[in-house]
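Visitor: Residue numbers (our numbering), protein chains in the order written: chain P, 1 to 112; chain S, 1001 to 1113.
Treat the hints loosely; a few may be bogus.
As the list claims (entries may be wrong) - In silico lysine to any residue, SDA-like type, Cα no more than 20 Å apart, as pairs:
#1 P:K49 / S:Q1081
#2 S:K1044 / P:L19
#3 P:K49 / S:E1101
#4 P:K49 / S:K1051
#5 S:K1062 / S:Q1081
#6 S:K1051 / P:Q45
#7 S:K1044 / P:E76
#8 S:K1044 / P:K68
#9 P:K56 / P:S98
#10 P:K49 / S:A1088
#11 P:K68 / P:G29
#12 S:K1044 / P:K56
#13 P:K52 / P:S79
#14 P:K52 / S:K1062
#15 S:K1044 / P:S98
#16 S:K1044 / P:A86
#17 P:K52 / S:K1051
#18 S:K1062 / S:A1088
Worth flagging that the hints you see were computed from the coordinates, not collected in a lab.
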Amino acid sequence: GDSVTQMEGPVTLSEEAFLTINCTYTATGYPSLFWYVQYPGEGLQLLLKATKADDKGSNKGFEATYRKETTSFHLEKGSVQVSDSAVYFCALLYSSASKIIFGSGTRLSIRP
Amino acid sequence: NAGVMQNPRHLVRRRGQEARLRCSPMKGHSHVYWYRQLPEEGLKFMVYLQKENIIDESGMPKERFSAEFPKEGPSILRIQQVVRGDSAAYFCASSYQSDTEAFFGQGTRLTVV
């Protein structure tokens, strides 16, 4: 079945470090891909999205490229800040599907 | 333009009581999802609804749980005869169409005592 696999956390980095959070998916078609972020005690916020192969989603310095050949959608940021500390979820959605499939989440902690 | 509104934000129920969780989707959105999140865990799909219809309830427990999205008013997730294991955060999300991004509410944190 369709699934999303994220790198296990927690990930701890120093401020201004480069961030990569890996996400791969298993799907029979061509889903849309998303990254959501969840701050403590809050709901999920849509961070970025890509709807077709080779699309690059970007927002607030974060980027992710839809790679069909490697079925991946890795999240990157060139210089993280303490305020980026949160849990990040990778997700996929088919046009014909009835649910958004989420990865297990990756907790990111940034040290000052 | 208000986002997805969930209420209450926090709900405490004694074992055996009923819990009603409300979700008002974003304006113009007719698709609603409900997810459950246990502490330090990911999101578990429960149910997907369009106005007046349940499209996919494959993630809903067979007993005690029900959901609706009437023509007028918010979507309701109802849990009857709550047990301690129902304690979790329940999130609602809405989307304009079935293949567009979903926006989440702040969640309802249910505590069963």
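Visitor: Evaluate each hint against the coordinates.
Guide: Hint check:
Using a Cα cut-off of 20 Å, the hinted pair K49 of chain P and Q1081 of chain S is violated, with the two alpha carbons roughly 39 Å apart. Proximity of K1044 of chain S to L19 of chain P is assessed by CA-CA distance (about 27 Å); at most 20 Å being required, the pair is judged violated. In summary, the hint linking K49 of chain P to E1101 of chain S is supported, as the alpha carbons are separated by about 8 Å, within the 20 Å threshold. A C-alpha spacing of about 26 Å is found between K49 of chain P and K1051 of chain S, which places the hinted pair above 20 Å, so the restraint is violated.
As the CA atoms of K1062 of chain S and Q1081 of chain S are separated by approximately 13 Å, the hinted pair is consistent with the 20 Å bound. Of the pairs offered as hints, the one joining K1051 of chain S and Q45 of chain P is violated, with about 24 Å between alpha carbons and a cut-off of 20 Å exceeded. Restraint check: the Cα-Cα separation between K1044 of chain S and E76 of chain P comes to about 25 Å, which exceeds 20 Å; the hinted pair is violated. Our distance criterion of 20 Å between C-alpha atoms is broken by K1044 of chain S and K68 of chain P, whose separation comes to about 26 Å.
Proximity of K56 of chain P to S98 of chain P is assessed by CA-CA distance (about 25 Å); at most 20 Å being required, the pair is judged violated. As the CA atoms of K49 of chain P and A1088 of chain S are separated by approximately 27 Å, the hinted pair breaks the 20 Å bound. Using a Cα cut-off of 20 Å, the hinted pair K68 of chain P and G29 of chain P holds, with the two alpha carbons roughly 10 Å apart. For a cut-off of 20 Å, the pair hint linking K1044 of chain S to K56 of chain P is broken: about 27 Å separates their Cα positions.
A distance of roughly 27 Å separates the Cα atoms of K52 of chain P and S79 of chain P; the hinted pair therefore is violated under the 20 Å criterion. With a CA separation close to 36 Å, the supplied pair K52 of chain P and K1062 of chain S exceeds the 20 Å bound. Between the alpha carbons of K1044 of chain S and S98 of chain P the distance comes to roughly 14 Å, so the proposed pair stays at or under 20 Å and holds. Between the alpha carbons of K1044 of chain S and A86 of chain P the distance comes to roughly 19 Å, so the proposed pair stays at or under 20 Å and holds.
The straight-line distance between the Cα atoms of K52 of chain P and K1051 of chain S is roughly 28 Å, outside the 20 Å bound, and the hint therefore fails. This hinted pair checks out: K1062 of chain S and A1088 of chain S have alpha carbons roughly 18 Å apart, not beyond 20 Å.
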